[in-house]
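Here the protein sequences line up with chains A, B, C and D, keeping their order. Residue numbering for the first sequence follows our numbering, starting at 1 and increasing by one per position. Residue numbering for the second sequence follows our numbering, starting at 1 and increasing by one per position. Residue numbering for the third sequence follows our numbering, starting at 1 and increasing by one per position. Residue numbering for the fourth sequence follows our numbering, starting at 1 and increasing by one per position.
Calculated directly from the structure, the hints in this document are not laboratory data. No residue lacks a Cβ here, since even glycine has one placed at the ideal position from N, Cα and C. A hint or two may mislead.
Stated by the list, open to error - To spell it out: a stretch of chain C is covered by chain A in this simulated footprint if at least three of its residues, at any positions, have a beta carbon under 8 Å from a beta carbon of chain A; those stretches are:
no. : region
1   : 76–88
2   : 173–185
Said to hold, decoys possible - Within a straight-line C-alpha distance of at most 30 Å, the following computed BS3-like cross-link-like pairs (lysine-lysine) qualify:
no. : chain 1 : residue 1 : chain 2 : residue 2
3   : B       : Lys228    : A       : Lys228
4   : B       : Lys202    : A       : Lys202
5   : B       : Lys202    : A       : Lys2
6   : A       : Lys202    : B       : Lys2
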Amino acid sequence: MKKLLNDPADVVVEALAGMAAAHPDHLRVDLDHKLVLRADAPVSGKVALVSGGGSGHEPLHGGFVGRGMLDAACAGEVFTSPVPDQILAATTAVDGGAGVLHIVKNYTGDVMNFEMAAELAGESGIQVEAVVTDDDVAVQDSLYTAGRRGVGVTVLLEKIVGAAAEEGQDLAACAELARRVNAGGRSMGIALTSCTVPAAGKPTFELAEDEMEIGIGIHGEPGRSTEKLAPAQEVAARLVEPVLADLSVERGESVIAFVNGMGGTPLLELYLMYGEVKRLLDEAGVTVARSLVGNYITSLEMAGCSVTLLRADEEMVRLWDAPVDTPGLRWGG
Amino acid sequence: MKKLLNDPADVVVEALAGMAAAHPDHLRVDLDHKLVLRADAPVSGKVALVSGGGSGHEPLHGGFVGRGMLDAACAGEVFTSPVPDQILAATTAVDGGAGVLHIVKNYTGDVMNFEMAAELAGESGIQVEAVVTDDDVAVQDSLYTAGRRGVGVTVLLEKIVGAAAEEGQDLAACAELARRVNAGGRSMGIALTSCTVPAAGKPTFELAEDEMEIGIGIHGEPGRSTEKLAPAQEVAARLVEPVLADLSVERGESVIAFVNGMGGTPLLELYLMYGEVKRLLDEAGVTVARSLVGNYITSLEMAGCSVTLLRADEEMVRLWDAPVDTPGLRWGG
Amino acid sequence: MADLTAFQSWITTCATAIADRADDLTELDRAIGDADHGSNMKRGMSACAQLAEQEDFSSIDAYLKKVGMTLVSTVGGASGPLYGTFFLRLAGPLAASEQVGAHEFGQALRAGVEGIVARGKAELGDKTMYDALSPALDAFEEAAGAGSDLADALQAAARAAAEGRDATEPMVARKGRASYLGERSVGHQDPGATSATLLVEAAAQTLT
Amino acid sequence: MADLTAFQSWITTCATAIADRADDLTELDRAIGDADHGSNMKRGMSACAQLAEQEDFSSIDAYLKKVGMTLVSTVGGASGPLYGTFFLRLAGPLAASEQVGAHEFGQALRAGVEGIVARGKAELGDKTMYDALSPALDAFEEAAGAGSDLADALQAAARAAAEGRDATEPMVARKGRASYLGERSVGHQDPGATSATLLVEAAAQTLT
Ligand SMILES: Nc1ncnc2c1ncn2[C@@H]1O[C@H](COP(=O)(O)OP(=O)(O)O)[C@@H](O)[C@H]1O
Ligand SMILES: Nc1ncnc2c1ncn2[C@@H]1O[C@H](COP(=O)(O)OP(=O)(O)O)[C@@H](O)[C@H]1O
Ligand SMILES: [Mg+2]
Ligand SMILES: [Mg+2]
Ligand SMILES: [Mg+2]
Ligand SMILES: [Mg+2]
């Protein structure tokens with residue numbers, strides 16, 4: 001294992017300390033609870049957004065804390081969901097009286113820990129709504145699985161709903177919007193190499209030099225199938241087609257298109273992939289209202305990428321364009 | 001080689017096409033000359049900044065084209081400097097009548113190609129000044145080498161001088177500022193793994209599972225020495241100490257601190273490294289005026305990082321804070 | 001009959017077993033999950049093992065509740081809330097007991113296992129910790145019903161847990177992270193069923 | 001005496017040799033540079049090889065100028081401007097010649113090699129292409145001075161280039177990217193000296 005760290009057990013806390021040092025004006029970090037908080041939290045009268053999950057997906061979630069996006073992020077150990085204490089501490093710290101929205105990626109551990117925290121927060125009188133993202137079409141959603149995984153749409157949702165909260169929408173409206181975004185988004189990912197969990201010390205999975213894993217999860221969970229490495233053009237089709245099919249996007253519809261890097265793939269290749277994705281969307285008669293290309297929801301140093309398409313209505317596009325000021329996403333006045 | 005691409009020979013042009021598709025409002029791309037241009041270039045009366053170099057360092061330079069930073073970037077083949085035709089085309093396209101500043105990283109090829117382009121531009125009546133960055137302390141600057149390499153300071157320089165040009169400083173002032181930034185900045189890098197040039201198809205160098213390369217260049221050029229992998233704390237010291245020594249920064253001085261990822265190292269580790277760097281600066285009594293942490297001048301998928309310190313005067317900090325609106329760096333109104 | 005000291009040695013014994021097997025647990029989780037079950041459980045159980053030194057507990061149920069809360073707040077992932085709930089519920093039927101026999105422990109064990117089901121909605125054959133714990137509970141109740149004492153009933157439970165654990169190997173996972181693998185989860189033993197077996201085996205060694 | 005056709009076949013022969021050896025050149029550059037010399041030279045030389053098909057050239061010097069400009073605008077890196085300058089300068093002394101003999105070619109070769117020095121400031125022993133080209137030039141001039149014809153002088157030049165190329169192996173690089181390696185550049189043959197030798201060898205095969 002080749003990583004820039006000290007004791008693998010300390011990687012999350014030490015990274016949070018570095019993050020606090022790097023963004024003193026924007027963020028506050030609670031190292032005991034492993035939270036990243038908006039420097040000005042709680043914002044009185046504003047719905048607060050709390051997300052979190054295992055670490056190793058940076059900039060998600062801590063890098064999305066700031067004006068126009070999250071109020072707090074709870075950092076679990078690497079690839080391990082945070083615990084209820086953390087989530088409760090975050091919820092309490094950012095509640096500005098208008099309630100708190102929990103944004104939870106659909107993994108058994110995350111869902112259970114957020115549920116326990118929400119129960120505890122409810123007992124202490126804080127209004128909590130939870131929305132669970134489950135956009136990964138690689139996984140069959142059936143009664144006999146834990147359901148689809150939450151992946152790329154989480155980034156888009158945090159941005160869009162963060163803007164809604166910032167402009168004063170109430171908890172019910174934010175939760176409803178969040179569910180609408182999740183329902184309109186689908187993703188599919190591919191890996192060229194494995195990630196290595198620091199505490200595990202070796203790669204989570206093996207791929208031969210000429211293989212790729214189609215339908216990979218962001219924790220290195222194996223996907224639909226291991227296949228021969230293919231040109232970018234084919235890879236793009238293997239990602240875009242199932243997403244379009246699952247969303248049943250029609251000609252003339254408009255999407256936010258998001259090509260995400262898994263951490264170890266250079267931007268050069270991500271832009272190349274975006275070119276391929278855009279071409280496929282053009283062919284399908286789908287308009288790209290907005291796009292995002294880069295490493296936003298990663299899987300440590302895994303090489304690969306994912307494609308997320310969000311059927312975007314005007315409201316979502318307007319909120320996407322609204323100002324955001326976080327370490328990971330920043331634009332507008 | 002595991003990469004998301006089609007024919008390795010087409011990777012640069014295809015990535016540029018994807019970049020154009022991803023940023024239609026901000027950028028214009030000239031695929032014939034492999035240029036990234038500000039959508040509104042030429043900006044009349046403004047000094048234009050042109051940089052460029054081999055591809056594979058993204059977001060540098062194309063990702064730094066936009067208001068408050070570069071007017072154009074010339075993309076060479078991967079790790080190969082651009083050719084004079086490209087540089088001349090860029091220079092001609094962005095000259096707004098106030099002259100053009102060439103920002104060149106100190107590599108024999110880059111320097112020679114930019115020189116030839118500047119001669120040609122001069123012949124066609126465009127005023128050109130060139131500044132060469134050479135901040136890498138890993139390389140001895142002596143009469144008997146090609147001099148220090150240009151690395152991390154290039155990012156800081158493009159931001160700071162970009163702001164100066166945007167606020168109307170003239171060519172002489174921009175060039176003088178650029179030389180001052182270069183003189184005040186030093187960098188040192190380390191690699192944990194090699195990069196693989198697409199056309200070469202295999203790793204540029206080999207490192208054993210327990211080795212790191214100290215003093216690595218951004219093209220995978222070997223560094224000062226191959227050593228046993230060390231904890232982040234020691235790695236940080238191996239990077240910060242020679243930089244501080246070479247700059248002879250004194251207690252009480254103020255710097256812009258930049259921890260840069262080489263492409264394959266997760267943000268989690270980069271923040272952890274920034275924490276270590278900050279601690280060392282605190283111990284040395286050096287104040288961090290501003291900081292930047294992330295993948296900004298990369299070496300394809302190489303794992304590792306570099307530390308750049310820039311002795312920053314008030315003017316530089318003011319220009320650092322000025323608005324910038326590029327795909328790779330974005331802040332302010 | 002088991003007293004507070006016995007319950008405390010259950011937890012420390014289990015913590016040692018988990019620490020010894022942490023790499024194996026992570027390895028199992030690497031195959032069908034995300035390679036963290038060993039480090040999750042080790043972190044949580046070692047925090048639990050220190051409780052007795054840090055605090056004087058007045059009763060078995062207070063101790064077990066604290067174990068549950070400690071697991072909830074240190075393990076994370078799926079196993080944290082599940083094992084945490086197990087101990088929180090285990091404590092219920094033991095309230096006010098200073099000595100616990102087979103009958104009482106059987107009630108507690110049932111409450112604990114039902115807590116896991118309530119939280120995780122697992123069914124038999126889903127390839128989870130429940131596939132080790134459910135047969136363990138059945139075997140315990142059968143032995144205790146037939147008159148075995150706590151020690152013997154736990155021996156039976158431990159054997160059943162191990163069989164249940166082994167039986168997870170050919171199963172297709174339907175809960176948790178391994179369910180994403182579908183058919184590809186076949187041929188791997190479930191990490192949670194493995195740690196659950198260690199828990200029951202530690203009980204058999206200590207609760208006498 | 002070499003005519004325009006001979007010069008064109010020089011370039012196509014050289015392009016073939018470079019294409020055949022591109023992986024080796026990149027491999028040499030991988031050891032002490034950035035692993036692109038082979039692909040740089042192949043891209044540039046194959047563009048040059050197509051010139052004769054694309055355009056009718058009226059003279060040798062016009063053709064060589066076009067080769068130089070093509071190299072400048074397709075190779076990039078350090079070798080692009082250097083080889084480009086070489087051909088641009090080579091053209092000078094051959095202006096208006098339809099047939100080139102040993103004497104004239106010697107003048108052109110000197111101009112070309114001096115162009116490389118003017119652009120790159122390399123000295124003998126710096127471990128660059130100049131370490132192959134300089135002895136080649138010396139050998140050519142010596143042979144031509146002693147009365148050899150173009151073909152024989154080029155044979156001598158090619159042998160000297162190859163020796164100069166081999167002699168770069170123990171050198172410490174002082175110019176270009178390999179200079180960053182300092183002592184660690186010892187033990188590797190210089191990629192540019194290797195491609196330069198291919199260039200001279202191709203001349204020896206074609207310019208007769
Ligand atoms: N819904 C569930 N009910 C019961 N046990 C479950 C459930 N989901 C997962 N598990 C158990 O949890 C184990 C994985 O735990 P762990 O690796 O610590 O958490 P995570 O899957 O969040 O990384 C699985 O091996 C399985 O036994
Ligand atoms: N200043 C110089 N003068 C002469 N030759 C040089 C000089 N610098 C580099 N070279 C030659 O260029 C070769 C490398 O070319 P190439 O790999 O194409 O360019 P780059 O180093 O820019 O990647 C070296 O092997 C060396 O022979
Ligand atoms: Mg986990
Ligand atoms: Mg090069
Ligand atoms: Mg796990
Ligand atoms: Mg090279």
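Against the structure, the hints come out as follows:
no.	hint	verdict
1	76–88	holds (count 7)
2	173–185	holds (count 9)
3	B/Lys228 / A/Lys228	35 Å, violated
4	B/Lys202 / A/Lys202	22 Å, holds
5	B/Lys202 / A/Lys2	19 Å, holds
6	A/Lys202 / B/Lys2	19 Å, holds
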